[in-house]
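There are 2 protein chains.
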Amino acid sequence: MKFVINRDLLLLNLTYVSRALSTKTPMPVLTGIKIEAYENSVFLTASNNEISIQTIIKDKRQVRIEENGIVVVPGKYFIEIIRKIEAREVDFSTFEENIVKILADRSNFTLNALEKDNYPLISFADSETVVHMDVGNLKSIIRKTTFATSLSETRVILTGVSFVADDRKLEVIATDSFRLAKKYLINDVEFPKINAVIPSKSLDELNRIIDENETPIEIHFSPSKALFKYKNILFQTRLIDGSFPNTSNLIPVDFLTSIKFNKNEIIAAIERASLFTSLDSFCIIKFTLNSDKTIEIASTTNEIGAVKEEVIPLACSNVLHFQIAFSSKYILDAIKSMDSTEITIHFTGEIKPFIITGDYDVNLTQLILPVRVS
Amino acid sequence: MKFVINRDLLLLNLTYVSRALSTKTPMPVLTGIKIEAYENSVFLTASNNEISIQTIIKDKRQVRIEENGIVVVPGKYFIEIIRKIEAREVDFSTFEENIVKILADRSNFTLNALEKDNYPLISFADSETVVHMDVGNLKSIIRKTTFATSLSETRVILTGVSFVADDRKLEVIATDSFRLAKKYLINDVEFPKINAVIPSKSLDELNRIIDENETPIEIHFSPSKALFKYKNILFQTRLIDGSFPNTSNLIPVDFLTSIKFNKNEIIAAIERASLFTSLDSFCIIKFTLNSDKTIEIASTTNEIGAVKEEVIPLACSNVLHFQIAFSSKYILDAIKSMDSTEITIHFTGEIKPFIITGDYDVNLTQLILPVRVS
Numbered sequence: 000m001k002f003v004i005n006r007d008l009l010l011l012n013l014t015y016v017s018r019a020l021s022t023k024t025p026m027p028v029l030t031g032i033k034i035e036a037y038e039n040s041v042f043l044t045a046s047n048n049e050i051s052i053q054t055i056i057k058d059k060r061q062v063r064i065e066e067n068g069i070v071v072v073p074g075k076y077f078i079e080i081i082r083k084i085e086a087r088e089v090d091f092s093t094f095e096e097n098i099v100k101i102l103a104d105r106s107n108f109t110l111n112a113l114e115k116d117n118y119p120l121i122s123f124a125d126s127e128t129v130v131h132m133d134v135g136n137l138k139s140i141i142r143k144t145t146f147a148t149s150l151s152e153t154r155v156i157l158t159g160v161s162f163v164a165d166d167r168k169l170e171v172i173a174t175d176s177f178r179l180a181k182k183y184l185i186n187d188v189e190f191p192k193i194n195a196v197i198p199s200k201s202l203d204e205l206n207r208i209i210d211e212n213e214t215p216i217e218i219h220f221s222p223s224k225a226l227f228k229y230k231n232i233l234f235q236t237r238l239i240d241g242s243f244p245n246t247s248n249l250i251p252v253d254f255l256t257s258i259k260f261n262k263n264e265i266i267a268a269i270e271r272a273s274l275f276t277s278l279d280s281f282c283i284i285k286f287t288l289n290s291d292k293t294i295e296i297a298s299t300t301n302e303i304g305a306v307k308e309e310v311i312p313l314a315c316s317n318v319l320h321f322q323i324a325f326s327s328k329y330i331l332d333a334i335k336s337m338d339s340t341e342i343t344i345h346f347t348g349e350i351k352p353f354i355i356t357g358d359y360d361v362n363l364t365q366l367i368l369p370v371r372v373s
Numbered sequence: 000m001k002f003v004i005n006r007d008l009l010l011l012n013l014t015y016v017s018r019a020l021s022t023k024t025p026m027p028v029l030t031g032i033k034i035e036a037y038e039n040s041v042f043l044t045a046s047n048n049e050i051s052i053q054t055i056i057k058d059k060r061q062v063r064i065e066e067n068g069i070v071v072v073p074g075k076y077f078i079e080i081i082r083k084i085e086a087r088e089v090d091f092s093t094f095e096e097n098i099v100k101i102l103a104d105r106s107n108f109t110l111n112a113l114e115k116d117n118y119p120l121i122s123f124a125d126s127e128t129v130v131h132m133d134v135g136n137l138k139s140i141i142r143k144t145t146f147a148t149s150l151s152e153t154r155v156i157l158t159g160v161s162f163v164a165d166d167r168k169l170e171v172i173a174t175d176s177f178r179l180a181k182k183y184l185i186n187d188v189e190f191p192k193i194n195a196v197i198p199s200k201s202l203d204e205l206n207r208i209i210d211e212n213e214t215p216i217e218i219h220f221s222p223s224k225a226l227f228k229y230k231n232i233l234f235q236t237r238l239i240d241g242s243f244p245n246t247s248n249l250i251p252v253d254f255l256t257s258i259k260f261n262k263n264e265i266i267a268a269i270e271r272a273s274l275f276t277s278l279d280s281f282c283i284i285k286f287t288l289n290s291d292k293t294i295e296i297a298s299t300t301n302e303i304g305a306v307k308e309e310v311i312p313l314a315c316s317n318v319l320h321f322q323i324a325f326s327s328k329y330i331l332d333a334i335k336s337m338d339s340t341e342i343t344i345h346f347t348g349e350i351k352p353f354i355i356t357g358d359y360d361v362n363l364t365q366l367i368l369p370v371r372v373s
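Line order of the protein sequences matches chains A and B. Residues in the first sequence are numbered from 0 upward in steps of one, following numbering that gives the first Met the number 0. Residues in the second sequence are numbered from 0 upward in steps of one, following numbering that gives the first Met the number 0.
Misleading hints may appear alongside valid ones.
[Stated by the list, open to error] Computed beta-carbon distance windows for the label pairs: (1) ASP7/A - LEU10/B: 53 to 63 Å; (2) GLU127/B - LYS262/A: 52 to 62 Å; (3) VAL252/B - ASP7/A: 40 to 50 Å.
Since the hints were derived computationally from the structure, they do not count as laboratory data. Don't be surprised by glycine CBs; every beta carbon is placed ideally from N, CA and C.
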């Protein structure tokens with residue numbers, strides 16, 4: 000195996016696949032990156048048990064293959080080498096089956112390869128169940144939902160994000176059972192039938208790789224995995240088994256009052272009001288609508304002190320005396336996920352779930368359960 | 000106690016004193032910031048057992064005192080409050096002796112004060128043993144020496160930096176017994192007699208506060224402490240007891256060969272050559288001068304692989320076959336502390352200490368002990 004490759008391009012592609020590199024693993028070979036040279040292309044593959052990523056480099060001006068072959072290099076060291084090399088080109092070759100030689104300018108590295116026969120066979124097969132969308136749309140879906148998934152493994156299904164498509168609608172839902180984020184897309188053409196739960200972590204990793212909003216991305220759904228095809232990158236994640244809870248009746252439609260705020264102003268007030276609260280106690284704050292249409296956001300922590308914030312809303316559909324308590328962390332997560340400069344909180348009752356919407360956040364609903372306080 | 004103060008100025012001064020704030024301490028009151036209002040000034044004080052910092056705010060356009068007093072506020076919370084406040088002015092007052100009220104725009108905080116009678120009496124007294132210098136000079140001394148101090152508490156004296164002044168010379172030395180950094184200043188006027196060891200951590204904290212290179216700074220040396228006076232800030236640190244080792248005969252003056260390098264080129268080559276070495280083994284690399292005047296920097300780690308870097312020096316005073324091994328971490332620390340674009344390594348023998356100098360790093364010597372390898 001022998002090829003000469005542009006250093007910057009190699010590093011960029013290594014950065015992509017490194018997102019799937021295992022650190023702690025019962026399979027040591029998965030700490031490696033599989034490098035294959037054939038058909039005038041170099042393939043880089045990395046995998047942990049959740050995600051597998053493959054990139055293909057085949058631009059003849061950037062890579063020149065002199066001898067085909069397969070090798071698995073120690074991922075961390077190989078990336079560090081390429082990162083530290085300043086040369087324009089890297090000369091990569093193998094000898095004695097399991098020794099890798101890397102030459103660049105006046106640098107000469109030899110690196111012990113991992114046993115390539117141990118590397119698992121990973122299929123990046125297409126599926127007939129394909130969704131096409133813009134990267135920008137997918138990034139927006141990820142950013143507005145994954146934060147609401149559960150971090151606890153007690154109900155594994157809630158660590159994932161539900162993708163359900165039918166007819167011309169794709170509905171994406173995340174919930175940790177205390178809050179829920181729901182975003183949907185309406186398409187011009189029919190979606191294939193989809194009912195899949197994608198691990199939240201996989202989506203967050205994918206979001207770090209995809210960056211060009213206008214670029215198209217394909218999502219291939221198979222029974223146990225989803226494959227994202229983007230530029231020269233194949234990003235594959237396993238799906239979570241099980242059925243996602245039915246949340247269709249959870250979201251209220253009749254409201255006691257809807258209150259509109261300037262987004263940055265309400266964020267700042269809530270952040271100040273929760274300065275003395277602690278994560279242990281879910282950062283509970285009290286929200287009071289007064290009959291003079293002012294809002295008070297307050298919290299008290301006996302040992303430390305108390306905060307009272309007064310906020311004047313932009314609008315209030317129904318002025319009544321109303322008090323509710325909820326987690327400041329949950330509401331901040333929800334509001335910060337929005338792109339709108341003005342957001343509206345719709346309340347249904349003092350101990351009933353409430354929702355948050357934004358004028359520019361089309362088809363997005365953030366729902367939060369309040370807490371009972373004395 | 001009651002005053003109104005400019006929010007930005009208060010936050011800036013809190014950031015300064017926060018460098019001395021205790022987190023874990025047997026004296027809970029030291030997690031607090033002492034605030035005093037008198038003589039038309041506000042004094043902020045924080046202290047851990049090593050460092051005490053006091054700032055004085057007395058600009059009448061920025062602070063308006065309505066009632067004198069003393070209070071100790073919980074440091075972390077108070078800083079967070081002021082950081083999160085967006086108002087231009089903050090209204091600070093106390094009531095019922097130990098309750099602090101902070102008003103800013105529509106925010107209203109009450110904060111439980113700490114018991115002010117428990118706060119230790121800290122004297123920031125001047126001394127007659129004063130050194131005057133520019134902040135730029137002091138920052139340069141700190142940056143070029145503190146990294147060479149010991150991290151281990153087994154010989155506490157080596158965790159400090161020695162300041163010795165006599166006649167018109169101030170000599171500053173740090174060593175962990177494997178390497179040594181020495182910088183001296185020659186003054187136009189006489190220095191007072193000084194022989195003090197300042198904790199390295201204190202100097203690093205000070206370096207984060209002082210930033211205006213042209214500003215003068217005063218250092219007041221007392222038997223057990225040093226006080227730095229800079230702008231409106233008093234920064235005081237305890238000194239380390241004991242006598243610093245005599246290192247005057249350690250630095251070689253006759254050299255076998257002196258080799259000059261481009262600084263960035265040698266740094267890059269050493270960084271690549273030590274990619275496979277581990278911190279546990281002190282990152283040992285081998286340095287070979289060949290008779291064709293090329294340099295080879297190499298390391299081998301059996302499990303991972305090997306690196307060879309060839310470097311062509313800018314100059315070499317004496318071409319001979321020469322090989323030496325040393326810690327790449329130590330030499331990188333030393334070279335990176337230098338401002339020169341060209342640096343020279345002066346060797347005295349294959350198992351003898353060597354020194355590094357730079358044309359623009361006047362009166363600076365970095366010394367490193369080699370290691371014996373097979």
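Hint-by-hint comparison with the structure:
no.	hint	in the structure
1	ASP7/A - LEU10/B: 53 to 63 Å	42 Å, violated
2	GLU127/B - LYS262/A: 52 to 62 Å	59 Å, holds
3	VAL252/B - ASP7/A: 40 to 50 Å	46 Å, holds
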